[in-house]
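Asker: Here is how the chains run, residue by residue.
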Amino acid sequence: MSAPGNFKIPERGPGIWQPKIIGLLCNWCSYAGADLAGGGRIQYPPDVRVVRVMCTGRLDALFVLKAFADGADGVLVSGCHFGDCHYLEGNYKSAKRMFMVKRLMKSIGLDDRRFRMTFVSASEGAKWAAVITDVVNTVTDLGPSPITEFRK
Amino acid sequence: MVEKKKTTTKKTETKKKDTKKVAPVKQEIKKQAPVKTGPSEKPRIGVFICHCGTNIAGSIDIKDLEAYAKTIPNVAHTDNYQYVCSTPGQKKITDAIRDQKLTGTVVAACSPRLHEPTFRTATKEGGLNQFRFEMANIREQNAWVHMHDKEGATDKAKDTIRIAVAKASLLEDLTPKTVPVEKAAMVVGAGIAGMQAALDLAAAGIKTYLIESAPSIGGRMSQLDKTFPTLDCSQCILTPKMVDVGRDSNIELYTYSEVDAVEGYIGNFDVTIRKKARGVLTMAEAEARGIIGGGCNGCGDCDPVCPVVKPNVFEMGMKPRKAIYINHPQVVPLLYTIDFDSCVKCGLCVTACGPERKAIDLEAKDEFIKVKVGTAILATGFELFPIEKKTEWGYKKFENVITGLEFERLICASGPTSGHLVRPSDGETPKRIAFLLCAGSRDNTGVGKPYCSRFCCMYSLKHAHQIYEKIPGAQTYIFYMDIRSFGKAYEEFYYRIQDEGTKFVRGRVANILEDPKSKNLHVYADDTLLDRPMDLEVDLVVLASAVQPSEDTNRTRKLFGVSCSMDGWLLEAHPKLNPCGTTTAGVFLAGVCQGPKDIPDTVASAEGAASAASIPIHKGEVELEPYFATCIEEKCAGCGMCVNLCPYSALALVDKDGRTVMEVTEAKCKGCGTCGGFCPGGAIWMNHFATPQIVAQIDAFLLGGEQ
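Same order as they appear, the protein sequences are chains C and A. First residue of the first sequence: 1, per the numbering used here; consecutive thereafter. First residue of the second sequence: 1, per the numbering used here; consecutive thereafter.
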């Protein structure tokens, strides 16, 4: 498997723990960028599951927290670059909320590296693959979410 | 902190129970939602898995996937087929909806950005509302990107289908909104692309506003001397079109103007045009001010008296112009312009113009004009990459290193030297001329552009030919990486230039040095075919500079909500199947602003864009996706947070039954959901992307859904 950028490819196989990561993507930039990565057959690890919304502005901070409460090991929110939002400024407003989520995560003792907001445009297929690989590596290194452990 | 964690866990457990029976949760919310629809019966979802030949089946175990899909809650029917998008594939969907009494469909195939409309239509034909359909993307975002991990890909596909089924179970009937389309169009940029698009739109009977930031139309093509491979005179084939544009009663031409603001959506764009202060009145404007028979007639009496001298940008700075100027004698419209950045307001031109014409107004201010259009075409064109950044070639350091566009002006009969090619340093006729191709193009050093600029090979071949036409005994050298002569009759033109005596050297030029006395240039390169370094003394070097999007492109594209690719060219909706469209409905691209093109391709793309832009106008109405926000009035506290968040001013607080609640103006709402993402009371219901639907998707992935 070829790796985009300089990221290591996580090991896979029986007995190796795989993280559960949810990706919340905007329709116009990041989802299109992910489609472009597909068209270009740029390979990346399969651990992120995608939910599409029209704009990252649609994302309630509670969606992210709900995912963590449900046992997600990581959450990725990805939208357009600043100034490129299809709806003018949804990504700015989302980013503000997501900063709040990060602060909240810190204060409840959840490592905020489990949550990331990225900006990937519709023409950045290679960047998308690099983002996913990096997110999967980061979350894999952090191990299972303490919330999942706690529920056992 | 521990306590907090405990509460979270508790919540999770409750939610876990909830997901087992999704329907009751949804019904509870449904009661509060103002939308009448929503399935009251138990959801029955049909899952259709596409092989897409081996595109999907090659990386995903379809049998395993279908067996799994049968176990997902609410799934009543599963099927798989080679190509679900084919006619028999779609028939499977319509038949299953009727026979199995499905309430929703899920197709696991390619991206919804590609085939969502296809399967929505199939769902509709089966008798369901088309919005009862959800797509699971298992090709672009699965099979194609996990080609060597069948197990991982299949697991991901299972989750993706489960997520889609969870959403499909909660989808409601929606009715697309139909809006009328304004019978007018706008074209931004009046180069050959913009002019062609405007002429086509006008010929189709559509009122067209043509906006150009320069004082006259014609764009880059009007700066060229000859065009390859036919050697037509550029001005000769362009001026008739320019005159047509000026004359067409359906085209309203705004030169020296910019787009200032854009509001609205397809069919109803409200565009504000900023007419920059020109200081010179047209005849019509003069008449409106009561100066009968006045206004600028292009006589040029003002030009000689103006004391300010500036470089003429049209002539690439190689000719002077005054503060009151026209770019060249063939300008359309024939109207002088005052450059207020350099004008000293001495008033000499006012005197020269005289009391009858009274065409000059030194106190002119920018004017703002509002127009309404149904569709818009962007044709903002290109400019040259600042090749002085490649310092090794010495542009702007050595006088005798020029760009291709400067060469065009120097060899053009209407140019600064009346068509006599001379060296800038001493005015002598050059005898040895070197052309550097891929100057800044196909450059991966980070200084230049990684793409091919597409027309430099051909125009450099044409330049070489023009030298043999005009300078007897001259010798030309072309330094190239590859000669890309791909168009109709281009390869034949290449052979012709080879026969004329041009020497082709395959190799990139390492650097250029100047002989300080003679101002001759030494070109140092590696001839890679002979595997020999070379030092060539020439009189003139012409850099076939890379092209980049014009300066204002970025600002204009943001006004229209159009994306760009990494190198700044505007992004088309689909690189192959929709090269003129953009992701903003009603906005189209023409010409080089979408990527480097030669003139035939530019004209073709402009005609394509004009045709695409005229379709909604001739149809008279467009369907908008009904992803509007709606207010759940029982929950709304009337705090008004959402009102300020809305980028389109679609929300307002109103009094209803003695309470203050929010109200949505559907015509203004574009469905981004920014309000819905923030509402502290959860009182905003986003059609098709409602909170329960998104939460169900998150739950379906993380809490499973197996029976």
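Heads up, a few of these hints could be off.
Restricting the straight-line Cα-Cα distance to at most 16 Å, the calculated cross-link-like pairs of lysine to aspartate or glutamate (EDC-like) are [as the list claims (entries may be wrong)]: (1) Lys-207/A <-> Asp-173/A; (2) Lys-519/A <-> Asp-426/A; (3) Lys-150/A <-> Glu-11/C; (4) Lys-370/A <-> Asp-260/A; (5) Lys-276/A <-> Glu-363/A; (6) Lys-558/A <-> Glu-149/C.
Listing some non-contacts, in silico: residues in chain C with all C-beta distances to chain A over 12 Å [what the hints assert, rightly or not]: (7) Arg-103; (8) Arg-113; (9) Asp-141.
Here chain A is said to cover these stretches of chain C; the calculated rule only asks that three of the stretch's residues, wherever they fall, bring their Cβ under 8 Å from a Cβ of chain A [claimed, not checked]: (10) 45 to 57; (11) 118 to 124.
Since the hints were made in silico from the structure, they are not lab data. Heads up, the beta-carbon is just placed ideally off N, CA and C, and yes, glycines get one too.
Asker: Now tell me if each hint is right for this structure.
Answerer: Right, here's what the structure says about each hint:
no.: 1; hint: Lys-207/A <-> Asp-173/A; result: 38 Å, violated
no.: 2; hint: Lys-519/A <-> Asp-426/A; result: 9 Å, holds
no.: 3; hint: Lys-150/A <-> Glu-11/C; result: 14 Å, holds
no.: 4; hint: Lys-370/A <-> Asp-260/A; result: 10 Å, holds
no.: 5; hint: Lys-276/A <-> Glu-363/A; result: 12 Å, holds
no.: 6; hint: Lys-558/A <-> Glu-149/C; result: 46 Å, violated
no.: 7; hint: Arg-103; result: 14 Å, holds
no.: 8; hint: Arg-113; result: 18 Å, holds
no.: 9; hint: Asp-141; result: 19 Å, holds
no.: 10; hint: 45 to 57; result: holds (count 11)
no.: 11; hint: 118 to 124; result: holds (count 4)
The structure is inconsistent with the numbered hints 1 and 6, although it conforms to all the rest.
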